[in-house]
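Asker: Now for the letters of each chain:
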Amino acid sequence: MSLHRNRVGDQPWVRRTLIGLAMLLTAIFLVIPVVVIFTQALSAGWSTLAGNIMDEYTLHAIGLTLFVALLTVPLNLIFGTALAWSVTRFKFPGRKLLITLIDIPFAVSPVVAGLLYLLLYGRNGWLGGWLSTHDIQLMFAWPGIVMVTVFVTCPFVARELIPLMQQQGSEEEEAGVVLGASGWRIFRKITLPNIKWALIYGVILTNARAVGEFGAVSVVSGNVRGQTNTLPLHVELLYQDYNIVGAFASASLLAAIAILTLVAKAFVEWRQAKSEHSAPETRGV
Amino acid sequence: MSVSAQTSVAPVRRFSGRSKRVLPGFGLSLGISLFFVSLVLLLPLTGLVVETSGMTWDQFVFTITDPRVIESYKVTAWTALAASLFNGVFGLLLAWVLVRYEFPGKRLIDAVVDLPFALPTAVAGITLATLFAQNGWYGQWLDKLGVEVAFTPIGIVVAMAFTSIPFVVRTVQPVLEELSPADEEAAVSLGASDGRVFRKVIFPSLWPALVTGVALSFTRSLGEFGAIIFIAGNTPYVSEVTSLMIFIRLQEYDYAAASAIASMVLLVSLILLFAINVWQSRFLRRLEGR
Chain H
12 MSLHRNRVGD
22 QPWVRRTLIG
32 LAMLLTAIFL
42 VIPVVVIFTQ
52 ALSAGWSTLA
62 GNIMDEYTLH
72 AIGLTLFVAL
82 LTVPLNLIFG
92 TALAWSVTRF
102 KFPGRKLLIT
112 LIDIPFAVSP
122 VVAGLLYLLL
132 YGRNGWLGGW
142 LSTHDIQLMF
152 AWPGIVMVTV
162 FVTCPFVARE
172 LIPLMQQQGS
182 EEEEAGVVLG
192 ASGWRIFRKI
202 TLPNIKWALI
212 YGVILTNARA
222 VGEFGAVSVV
232 SGNVRGQTNT
242 LPLHVELLYQ
252 DYNIVGAFAS
262 ASLLAAIAIL
272 TLVAKAFVEW
282 RQAKSEHSAP
292 ETRGV
Chain Z
-9 MSVSAQTSVA
1 PVRRFSGRSK
11 RVLPGFGLSL
21 GISLFFVSLV
31 LLLPLTGLVV
41 ETSGMTWDQF
51 VFTITDPRVI
61 ESYKVTAWTA
71 LAASLFNGVF
81 GLLLAWVLVR
91 YEFPGKRLID
101 AVVDLPFALP
111 TAVAGITLAT
121 LFAQNGWYGQ
131 WLDKLGVEVA
141 FTPIGIVVAM
151 AFTSIPFVVR
161 TVQPVLEELS
171 PADEEAAVSL
181 GASDGRVFRK
191 VIFPSLWPAL
201 VTGVALSFTR
211 SLGEFGAIIF
221 IAGNTPYVSE
231 VTSLMIFIRL
241 QEYDYAAASA
251 IASMVLLVSL
261 ILLFAINVWQ
271 SRFLRRLEGR
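Residue numbers (this note's numbering), protein chains in the order written: chain H, 12 to 296; chain Z, -9 to 280.
In short, the hints are calculated from the structure, not lab data.
Keep in mind the model is a prediction, meaning the values are calculated, not measured.
Fair warning: there could be bad hints in the mix.
So, partial list: chain H residues that the calculated Cβ filter (under 10 Å) puts toward chain Z [stated by the list, open to error]: (1) G20; (2) V25; (3) R26; (4) A55; (5) W57; (6) F90; (7) A95; (8) K107; (9) I110; (10) L130; (11) W137; (12) T144; (13) C165; (14) R220; (15) I270; (16) A277.
Virtual Cβ for every residue (Gly too), placed ideally from N, Cα, C.
With these hints in hand, go ahead and build the complete structure from the sequences.
Answerer: This is the structure:
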């Protein structure tokens, strides 16, 4: 018996049972739900699906959602890169605290996140009062949606970059300094090529969450059709209206974005592994 | 290989102590980071402090101990615990299968594990509600067995489990990959049974990562909202989660009550976040990515 195996779980029957079980559960929990989204969206035919998507309010929701993502992603890209550079290239008091603080959005419930912004910038908030006397409305309008989306997505880029930049070390950049290159040039020519794939990975994750955020946006949006309704909120609205096919039509767009995200993520991981393989000397380990 | 790696690590460590003076951009990058963290993460917390400090202590206690709110704590806590324990088992199984075996479809499974993070929670919510409804693909079979999922607390467990599947898989996977085969092979060749080797050799190096994954999954489940509200039925005292309670108080324009409950939720999540961070720095090297 022991001749046929040298590690735990090598026996054929154990192997087959575990693989079978994993496949079954993955199908039940992950694959079939995606199939359901598209069958429901198509349950009244292709033309109904097209009609549902070309609906005035749906198109507006798509536009708003893309607009929010378009503003959120660059902001968090700059923040994530700056944060990763400061905590991995320098030592300063409070560095560990800063790394912990950026995890807050991962731990906080999206509803609480929305509430925090509503309390501060809403009409009764201590900043909101001042804003409303100056006729600036942030809550229940698109700026509020962007603000909470920036909050919930701000850890993604930094979380991808920090471990990688820590592992790579700063020898190459230091060599650049010795050779007299400017800071910006060092970043562009040395750092950026090294962190390119992790950066793209972070952007993909940020974008996926920015497009799909529901709880936080739901608190600050006010859900006005054709005005402050993002695509996920639109899905809810149609579902509550018992327009199930319409809700799944919008949901299928979001599911398509999710699938694209997974494909892009797999591609980036593959490229990352490749660049790691071709340039092992740039890595600490 | 390992020798060269060690010699290259040592000088970096010594050098980085001085790197504050060597590399440019300290002021700029730290400035942007601190500005952003203060404006986006810390400033909004003041709103909560101001709102709750407007309440008397009795009002505060009365609000957070309202029987309906207390029931929501209980429902949220036990469903999140059930969901994260389920994910502990399911996630360990997936991580094990993905690391140890080669089989057709492996890459697909590895890719779809992240689906719950990529799929908007509202979409997950209506999809699970449709699947588990009495006439849904899963609901009709469960109905014959006499199990009701949609519009019950079990529905909440399903929604929470779905949205937090990736945590355990992605924390256990890298640890399992780096596990040295030597001890395991020795134990197996000495004739120990698989179960015994797993318990005595593999599990001891795996459990810190497993606990981290389950804790992350639990934290996420406590705050989950989008996926839950569609499947839970939201019956007061039975299937209302705490994040929904906050939402309901907000819709009643009772900002003070919403803030009081939210401050409890926030406190618990920050304690959990802090505990997970301490746990990780004690038992694990910083998790890479996710």
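Asker: Does each hint fit the structure? Answer for all of them.
Answerer: Hints, one by one, checked against the model:
At about 6 Å, the closest approach between the beta carbon of G20/H and any beta carbon in chain Z falls short of 10 Å, and the interface hint on this residue holds. For V25/H, the suggested interface contact is upheld, since its CB lies about 7 Å from the closest CB of chain Z, less than 10 Å. Interface restraint check: R26/H against chain Z, minimum CB-CB distance 6 Å, threshold 10 Å, status holds. Contact between A55/H and chain Z, as hinted, is not supported at the beta carbon level, the nearest pair being about 15 Å apart and thus beyond 10 Å.
Because the beta carbon of W57/H sits about 20 Å from the nearest beta carbon in chain Z, more than 10 Å, this interface hint is broken. With a cut of 10 Å, the hint placing F90/H at the interface with chain Z holds, because the nearest CB-to-CB distance is about 5 Å. Hint on A95/H holds. Least Cβ distance to chain Z is approximately 8 Å, under the 10 Å limit. Satisfaction of the interface hint for K107/H is found here, the shortest Cβ-Cβ separation to chain Z being roughly 9 Å, below the 10 Å cut-off.
Interface hint status for I110/H: upheld, as the beta-carbon distance to the closest one in chain Z is roughly 9 Å, under 10 Å. With its C-beta approaching chain Z no nearer than about 3 Å, L130/H sits inside the 10 Å limit, and its interface hint holds. Interface restraint check for W137/H: the shortest CB-CB distance to chain Z comes to about 6 Å, inside 10 Å, so the restraint holds. Given the 10 Å rule on beta carbons, the hint for T144/H is violated: about 18 Å separates it from the nearest Cβ of chain Z.
Taken as an interface hint, C165/H checks out: its beta carbon lies about 6 Å from the nearest beta carbon of chain Z, inside 10 Å. The interface hint given for R220/H holds, since its Cβ lies 8 Å from the closest Cβ of chain Z, which is under the 10 Å cut-off. With a cut of 10 Å, the hint placing I270/H at the interface with chain Z holds, because the nearest CB-to-CB distance is about 8 Å. Against a cut-off of 10 Å between C-beta atoms, the interface hint on A277/H holds, since the closest Cβ of chain Z lies about 5 Å away.
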